[in-house]
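Taking the hints into account, I'd like the entire structure generated from these sequences.
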Amino acid sequence: MSSAALLMLSASTGLASAGQPSPWTCPSGVWAFTGGAPNHPSLTHRPFPNIAAPRWALSSDQDGNSIRWVWQSSPVVTPDLVLAVGFVSAPSQPPNRPFVFAISRDTGLIEWSAAISPISIQQFFQSSQSSLCIDVRNNAVVAVLGTKVTALRLSDGDQMWQATLPRNIINATPVMTDDLGPRDRLYITDYDAASGGGSLYCINVDKHCPVTNPWDRGDVVWTAPIFGASGNTPAYLPRRKGGCDRLVVASAGHFGQAPGRVYAFPTGTDVAPAPLWTTTNVLPSGFFGGVNLVVRGPSGGMEVLAASYEFYGGLFSANMLRMDAASGAVLGAAMINRSSAIPVLIANRLIATTGGIESAFNLGDTVPTLSLYDVDLLDPPATPTIGSQVWNSALSTWVDLDFDGVIDPGEYFNIGGYTHQPVVSTWRGRNTMAVGSFATGDNPAASNLLTVVDLDVDPSNPSFVQQFVAGAGGSPAVAGPNLYSIGLAGLTAYGPEPERFDVDSDKLINSGDIAKWERGQGSRDINDDGSVTTGDRDALVTLLRAGEVSDMLEGRK
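Mapping of the sequence shown onto the numbering used here: position 13 corresponds to residue 398, and the numbering continues sequentially without gaps.
Hints are supplied without guarantee of correctness; some may be wrong.
[Claimed, not checked] Listed next, with one range per pair, are the computed distances between beta-carbon atoms:
#1 T919 to G795: 42 to 48 Å
#2 T663 to A438: 45 to 51 Å
#3 P794 to T919: 43 to 49 Å
#4 T608 to R930: 40 to 46 Å
[As the list claims (entries may be wrong)] No farther apart than 25 Å at their CA atoms in a straight line, the calculated lysine to aspartate or glutamate pairs in the DMTMM-like style are these:
#5 K533 to E496
#6 K533 to D601
#7 K592 to D630
#8 K901 to D914
#9 K592 to D543
#10 K592 to D655
#11 K901 to E882
#12 K901 to D913
#13 K592 to D541
#14 K901 to D491
#15 K533 to D543
#16 K901 to D889
#17 K901 to E884
#18 K533 to D604
#19 K592 to D491
#20 K533 to D655
#21 K592 to D564
#22 K901 to D923
#23 K592 to D604
#24 K901 to D891
If you're looking for bench data, these hints aren't it; they were derived computationally from the structure. Each residue gets a CB set at the ideal place from its N, CA and C atoms; glycine is no exception.
Below, the structure written as structure tokens:
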């Protein structure tokens, strides 16, 4: 983010202030999109906090009314707030009325809540799992429900603008640019998987200017067909992170007639662009999720990872593609469990995927899994196999108790699932993952188990599970020293209050805090254990330096 953009950010929103580093790398942490950033890496370079018990859990609103959170969505996080969508059950509210809740990261108390457009019974029962996203430059949080795209001011929840699309948005989450000056845009896809009529929308988010930006906020600048859409979250990699002016989005295809496709579109245009390239899946399966747009290798080449969903077949009925972002050429493929989650590239050598479903109605053809693949062993695109798989959690932990040759509930470690977006930590070269367990019965309820697992050992190894806790398990968000997840206990928070790291109480977390700690001044009991030890200093140094490698490499590793 440019210094000019930083100066535009108000300290009252919790995003940044003059003199504070970019919110993308500030120590207190920001998790602004699904997977953390607009390219959806689902990575953190910080260690996961202790999750033995939540620091706070929120399951009701200010008036004591129960909140039904959007279970498999990921919260979004600013330095001060964690935000999520929930439905409130209250006699005073219209039925199916969704709210955006902004909660203090330090206290777990609701700072504000904002009712957004009611949705129809049809929209309600389509059970969209779209997450929020943060417009960093304009101090806004954006929600998508039904046909509405709504931007709310981060400081108080007041509506800034709203766009109405011709079709519902189901499971997709918007992304937006922050490096196009006064012409930044939001991108979102709608829902039409049955007839192959889905679309990608480009919406203006910046102020109107007759010369530089002749659009009002919320105006649909252009619409482009993408041949079927359901849950297709676009991906964008800003230039400062090694990206270029292109947006990549997958499509569901035309069910039963044509496979899904992956498209690359240019950004910065005011007319509907033709795709820069289009890649059709090598299997007759659609893509029902987002893509990961990454910079890989010393050469800094951009690549795309996409996972497909297949409605029939076992643990290896769908596929994952690795594509060149410049041309769309397929660089490798593998057979995977059906998934709408975004694959995670780890240290340029491994890919983690979650997939599958546990249901009384699928006759045992698939179960929830977490799988690991070797990038360099991916197959040629025309002949994907399972040869690149390092391990599969269900196969590694399966014990056939009834000797029927079917992986039944209770015979394997239930982890992952097709809707779950995990997060990987690469802290000190060790690959660990925060991931939930799938809620059984066609996912009718929130997850009730969150685990931190060691990806460098096989799931059959007793050391595979490092931490676990009941009550959470939805797609996690990781910001600074904290992890947030939705589960049966509500919206849950783990790790210390970010304000405990602000030793000198200047509303910033920087080198001044470690200097104050060393001088024996300020609030020094950072880990809140009742005593001041070197453990407090280590916690502060860890937070300040955890992103150092990624900051220096700017996405090149």
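Now the hints, each set against the structure:
no.	hint	in the structure
1	T919 to G795: 42 to 48 Å	holds (45 Å)
2	T663 to A438: 45 to 51 Å	holds (49 Å)
3	P794 to T919: 43 to 49 Å	holds (47 Å)
4	T608 to R930: 40 to 46 Å	holds (45 Å)
5	K533 to E496	holds (24 Å)
6	K533 to D601	holds (16 Å)
7	K592 to D630	holds (21 Å)
8	K901 to D914	holds (19 Å)
9	K592 to D543	holds (17 Å)
10	K592 to D655	holds (15 Å)
11	K901 to E882	holds (19 Å)
12	K901 to D913	holds (17 Å)
13	K592 to D541	holds (19 Å)
14	K901 to D491	holds (21 Å)
15	K533 to D543	holds (16 Å)
16	K901 to D889	holds (6 Å)
17	K901 to E884	holds (15 Å)
18	K533 to D604	holds (12 Å)
19	K592 to D491	violated (33 Å)
20	K533 to D655	holds (21 Å)
21	K592 to D564	holds (15 Å)
22	K901 to D923	holds (14 Å)
23	K592 to D604	holds (11 Å)
24	K901 to D891	holds (11 Å)
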